[in-house]
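Under this note's numbering, the first residue of the sequence shown carries the number 997, and numbering increases by one thereafter.
Just to be clear, a hint being listed does not mean it is correct.
To be verified - Label pairs and their computed distance ranges (CB to CB):
1) A1204 x M1152: 26 to 32 Å
2) A1335 x L1284: 22 to 28 Å
3) R1230 x P1086: 49 to 55 Å
4) R1295 x W1218: 17 to 23 Å
5) R1373 x R1267: 53 to 59 Å
6) F1216 x Q1281: 16 to 22 Å
7) P1057 x L1141: 17 to 23 Å
To be verified - Below, simulated DSS-like cross-link-like pairs (lysine-lysine); rule was C-alpha separation at most 30 Å, straight line:
8) K1010 x K1095
9) K1388 x K1022
10) K1251 x K1010
11) K1010 x K1022
These are computed hints drawn from the structure, not numbers from a lab.
Ideal Cβ positions, reconstructed from N, Cα and C, are used throughout, including at glycine.
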Amino acid sequence: MGPRNVLFVANTAKGGVAFSLYRLIKGLDPERYRPIVLFRNLNDLHIHDRLVAAGVRVISPRSSAPTGAERRSDARRDIASQLAARFGQPAAQVYRSLKSAYQFTRYDLRQVYPVWRLIHAERIDLVHSHNGLRGGKAEILAARLAGVPCVCHTHMFAELTGFERVFARSVAAFLYISQAIAADGVRQGLPPARGFVVPNAIDPDEFAPQPEAQTVRREFGWPPETPLIGVVGRLDWWKGHDDFLEAFAAIARQKPQARALIIGAPEPSPRGRAYLAQLQRRAGQPDLVGRVVFTGFRRDIPRLMAALDVVVMPSSEPEPFGLVMLEGMAAGRPVVATAAGGALDVIEDGVTGLLTPRRDPHRLGDTILALLHDPDRAQRIGQAAARRVAEKFTLHHQAAVAQAIYAAILAGSADAAQARSVKTLKVSL
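Based on the provided sequences and hints, a complete structural model is requested.
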């Protein structure tokens, strides 16, 4: 028997979900599984081109009708909040379910037949949705109608409606990127017996210390000995950049020669632009002026990260996982992260990184300063972090877990009690 055909479906071709999909596919055994990728919205070519270069068939309409899960304005979310305030949560839940059903019939239903047709044309054995239960209803239904199993990969926190939970009956296995995401799904009624924690992974070689990292300080006009701290990732209100700037202001009072890089860009929306402007105003105040650089979007993340003395993940809300954390650790950098979400799965506090409370700039600043004052400890933590990634979070480890789950499902034994190779991966709450 040749390799089994797996259809990977993602609503977006950019961001952390697309990178996770690419890295999982990169680790698969081509003799066991042949991946085919459907990007509903080709909003970026970077991952698309990497997949094509690797010989993966990618189906990517240049434009696509948005799914119901993507058409959620702030105003419509506010309606649910207003109903909850006036009539209680049950009224809000009824509204959300009705809205979800309406959006499915208007936007998602039209995508069921094309996926069903693709499943038959490509002789797909298993569908792997990277859109979660909320965003993956079309491919879940298409797989059900085609008679093939569907795996639902959840990459983010999402409040599910009663209508969306109906689709859980057609999912063979739920894959969660962290214990926090798994707990959120189980809390909302998703079956623990079909849940597996499959942490995100990276290729450590991509983030190995690089000699050219020494040129980063020169690029920005700083001396080679400049203490350099950085935050990497999309600029969004819950990522905690505002807390980082307050923490860095305290650091600069004790180490005026220190500099900060904020690496990344906001979403191209009024809210994203407003958040960037808010951060830039704060960085322009007297205690920070000239000390913070906003790099915008960069492709050379490994080079920039390798130049940092400390990598900071200051999220004010729990990170679903936090790939930046893994990348910094693989680069041998000490990582300071807020103690919530995926960071709790990855960092052993004081050994492979440092954890601080959310929304506490004072503690965040003190923790970063302690590393700057003790470079030997920072180096030990960075080295231990790199070992941790190499031992637990490589593409090989992630693919081995996913392939064991695929094999169990295709063998008709999705329950981990009947599949020894995956039973230790069950959700543990």
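* To do: Given the hint that K1251 pairs with K1010, test it: the Cα-Cα distance must not exceed 30 Å.
  => Measuring from Cα to Cα gives roughly 37 Å; hence the hint is violated.
* Asked: Measuring from beta carbon to beta carbon, are A1335 and L1284 in 22 to 28 Å?
  -> holds (26 Å)
* Does K1022 lie within 30 Å of K1388 when you go C-alpha to C-alpha? -> holds (17 Å)
* Cβ distance range 16 to 22 Å for F1216 and Q1281, holds or violated -> Check passed, 20 Å falls within 16 to 22 Å.
* Could one say that the CB atoms of R1295 and W1218 fall in the range 17 to 23 Å? -> Holds, since R1295 and W1218 (Cβ atoms, about 21 Å apart) stay within the stated range.
* To do: May I ask you to test the hint 53 to 59 Å on the CB atoms belonging to R1373 and R1267?
  => violated (39 Å)
* **Range hint compliance [Cβ, P1057 to L1141, 17 to 23 Å]** => holds (21 Å)
* Starting from the hint 49 to 55 Å, judge whether the C-beta atoms of R1230 and P1086 obey it. => Taking Cβ atoms as reference, R1230 and P1086 lie about 35 Å apart, which means the hint is violated.
* To do: Decide if the proposed pair is consistent with the structure: K1010 and K1022, CA atoms, cutoff 30 Å inclusive.
  => Given pair K1010, K1022 holds - Cα atoms ~16 Å apart, limit 30 Å.
* **Given hint K1095 paired with K1010 - CA-CA distance at most 30 Å** => holds (27 Å)
* Asked: Taking 26 to 32 Å as the hint, is the beta-carbon distance of A1204 and M1152 inside that range?
  -> Since A1204 and M1152 have Cβ atoms about 29 Å apart, the given range 26 to 32 Å holds.
The earlier numbered hints that this structure contradicts are 3, 5, 10.
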